[in-house]
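Protein chains in written order, with the working numbering: chain A, 5 to 227; chain B, 114 to 370.
Worth flagging that the hints you see were computed from the coordinates, not collected in a lab. Mixed in with the good hints there might be a few duds.
[Stated by the list, open to error] Just a few of them, taken from the derived set where beta-carbon distance is under 8 Å, the chain A residues facing chain B: (1) Gly117; (2) Gly121; (3) Ala125; (4) Ser128; (5) Val129; (6) Met131; (7) Ser132; (8) Leu134; (9) Arg139; (10) Pro143; (11) Gln144; (12) Arg221; (13) Leu224.
Everything numeric in this text was worked out from a predicted model, so none of it was measured. Ideal Cβ placement from N, Cα and C applies to all residues, glycine included.
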Amino acid sequence: MSNWERLVWNQQGVLLQGLGVTVEVCLIAFAVAITGGLTLCLIRTYFPPLRFAAIVLIEFFRATPIFVQLVWIAYVWPELFGWPNSFFTAGWLALGLQSSGYLAETFRAGIEGVARGHREAGYSVGMSPLLVFQRIVMPQAVLTVSPSIVNQFTVIVKSSTLISVITVQDLMFQAMKLVNVWYEPIEILTVTAGIYIVMVFLVSTAGKMLADLLRRRYGLAAA
Amino acid sequence: MDVMPAIRVVDLRKNFGALEVLKGVSFDVHTGSVVSMIGASGSGKSTLLRCINFLETPSSGDIFIDGEPMGFRSDASGQRRLRPLSEVNLMRRELGMVFQQFNLWPHMTVLGNVIEAPIRVRGMSRKQAVALGEECLARVHLSEKAREYPARLSGGQQQRVAIARALAIQPKAMLFDEPTSSLDPELTDEVLSVMRELAGDGTTMIVVTHEMAFAREVSDRVLFLHNGLIEEEGPPEQVLGAPKSERCRQFLSKYLH
Chain A
5 MSNWERLVWN
15 QQGVLLQGLG
25 VTVEVCLIAF
35 AVAITGGLTL
45 CLIRTYFPPL
55 RFAAIVLIEF
65 FRATPIFVQL
75 VWIAYVWPEL
85 FGWPNSFFTA
95 GWLALGLQSS
105 GYLAETFRAG
115 IEGVARGHRE
125 AGYSVGMSPL
135 LVFQRIVMPQ
145 AVLTVSPSIV
155 NQFTVIVKSS
165 TLISVITVQD
175 LMFQAMKLVN
185 VWYEPIEILT
195 VTAGIYIVMV
205 FLVSTAGKML
215 ADLLRRRYGL
225 AAA
Chain B
114 MDVMPAIRVV
124 DLRKNFGALE
134 VLKGVSFDVH
144 TGSVVSMIGA
154 SGSGKSTLLR
164 CINFLETPSS
174 GDIFIDGEPM
184 GFRSDASGQR
194 RLRPLSEVNL
204 MRRELGMVFQ
214 QFNLWPHMTV
224 LGNVIEAPIR
234 VRGMSRKQAV
244 ALGEECLARV
254 HLSEKAREYP
264 ARLSGGQQQR
274 VAIARALAIQ
284 PKAMLFDEPT
294 SSLDPELTDE
304 VLSVMRELAG
314 DGTTMIVVTH
324 EMAFAREVSD
334 RVLFLHNGLI
344 EEEGPPEQVL
354 GAPKSERCRQ
364 FLSKYLH
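Next comes chain A alone, as it looks inside the complex (with noise of 0.2 Å):
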């Protein structure tokens, strides 16, 4: 019986279990982060009252190291706010928040990219603010910044091997627990890098397919 069988092959349930897990904290956090992130770049953009505090939250998610965010949301908020009451939300909450910090100036930068004259054409046949915003410049902004999106998803799959110190049972913590019972790292953590960088590479590949699409049916250049 090879190593390969005995430390990975046969300890296929524990990482498939931590995989699991993996996925679902960063599909959550990205729901997370491109809701946060709309958010904080509307209003930054378009409600000069809050602008001034989606500023600091923006740069404050960036600024900050995940690792930091990460221990700080998951002991200090519960302090603070009674919230989040375990380590599982605690973790895409901190992955999530980070995204949404980037990808609100992703938005901005797409938001910002459509042509002025786009809208002006808009006004031009009687269409209101609202409905240019929604029907001309909001689309072109989200087709122009998607394959951005997409690749901000690889940063939180990235980022989310951060989550197994605050004990939530991803797939970096599965390996690592396996690596600490048998003591035998070599054939473990080889396969989990594999297995980061097969997701990694979907997830980009995905992103460029999608900047190739945008730009042979509407020649739009990706952000």
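Since chain A is already given, all that's left is putting chain B on it; use the hints.
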């Protein structure tokens, strides 16, 4: 009594900060007539056109579309007030605008571009709008491109779609802002011939252009702008053929070979 002009511009002025771009311009465009505006870059002709549909807010002066004041209105005490944006928007759909850079919405198909305003602004059903849109595309000879995205079209085709989009709001007049200036010469003709057909159909048009032959052939009147003022105006044979103003002569000499 006087017939109400389709567009009446009265003493229009526009400053950008200290820079006075329009210094008091007045003219009428009668229903079914074509007015061409010529002049050097910076003479204010594009700004004038953009002021007419309030893409730029004039500093002072009045614009009437079929007698209805465009952007300003006098309130009860006789004070001139800017109309609310919602009213300006309603007025804008009386004027179809065609831009130098086409400005088609790239995320919508050709037909999507054309039927957007009929559906969202005029409140037509999709079916009605599609019928209207197809009719407008037929007028610019692009029926077969309805399902394409703008990125797949040549510049000349894109500009013709932009004309169809403006026609689809069923405006009282069409405004053309240098519609062929960003086109290669071989693509210019297809756009001009569409515009010629529109003029022949009795469409009221204001055309800012550098195409002197087109202006001479199609216009009922030509305005020559210089430094924010109308320096010379009249029928094309006069303004383009035998201008009285020295500046107009100089300007035109650059176009004659």
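Okay, the hints, checked on the actual structure:
Nearest Cβ of chain B to the Cβ of A/Gly117: about 12 Å, over the 8 Å cut. The hint is violated. Look at A/Gly121: its Cβ gets to within about 4 Å of chain B, closer than 8 Å, so that hint holds up. About 4 Å separates the beta-carbon of A/Ala125 from the nearest beta-carbon of chain B, less than 8 Å, and the hint is met. Proximity of A/Ser128 to chain B holds as hinted, the smallest CB-CB distance being about 4 Å (cut-off 8 Å).
Restraint check, A/Val129 versus chain B: the minimum CB separation of about 4 Å is within 8 Å; hint holds. With its C-beta approaching chain B no nearer than about 6 Å, A/Met131 sits inside the 8 Å limit, and its interface hint holds. Proximity of A/Ser132 to chain B holds as hinted, the smallest CB-CB distance being about 6 Å (cut-off 8 Å). The restraint placing A/Leu134 at the interface with chain B is violated, with a minimum CB-CB distance near 10 Å, outside the 8 Å limit.
Given hint, A/Arg139 at the interface with chain B, holds; its Cβ is 7 Å from that chain's nearest Cβ, closer than 8 Å. Given the 8 Å rule on beta carbons, the hint for A/Pro143 holds: about 5 Å separates it from the nearest Cβ of chain B. The interface hint given for A/Gln144 holds, since its Cβ lies 5 Å from the closest Cβ of chain B, which is under the 8 Å cut-off. Residue-level restraint check for A/Arg221 holds (minimum Cβ-Cβ distance to chain B is 6 Å; threshold 8 Å).
Of the supplied interface hints, the one on A/Leu224 holds, with its beta-carbon coming within about 6 Å of a beta-carbon of chain B, less than 8 Å.
When the structure is compared with the earlier hints, violations turn up for hints 1, 8 and for no others.
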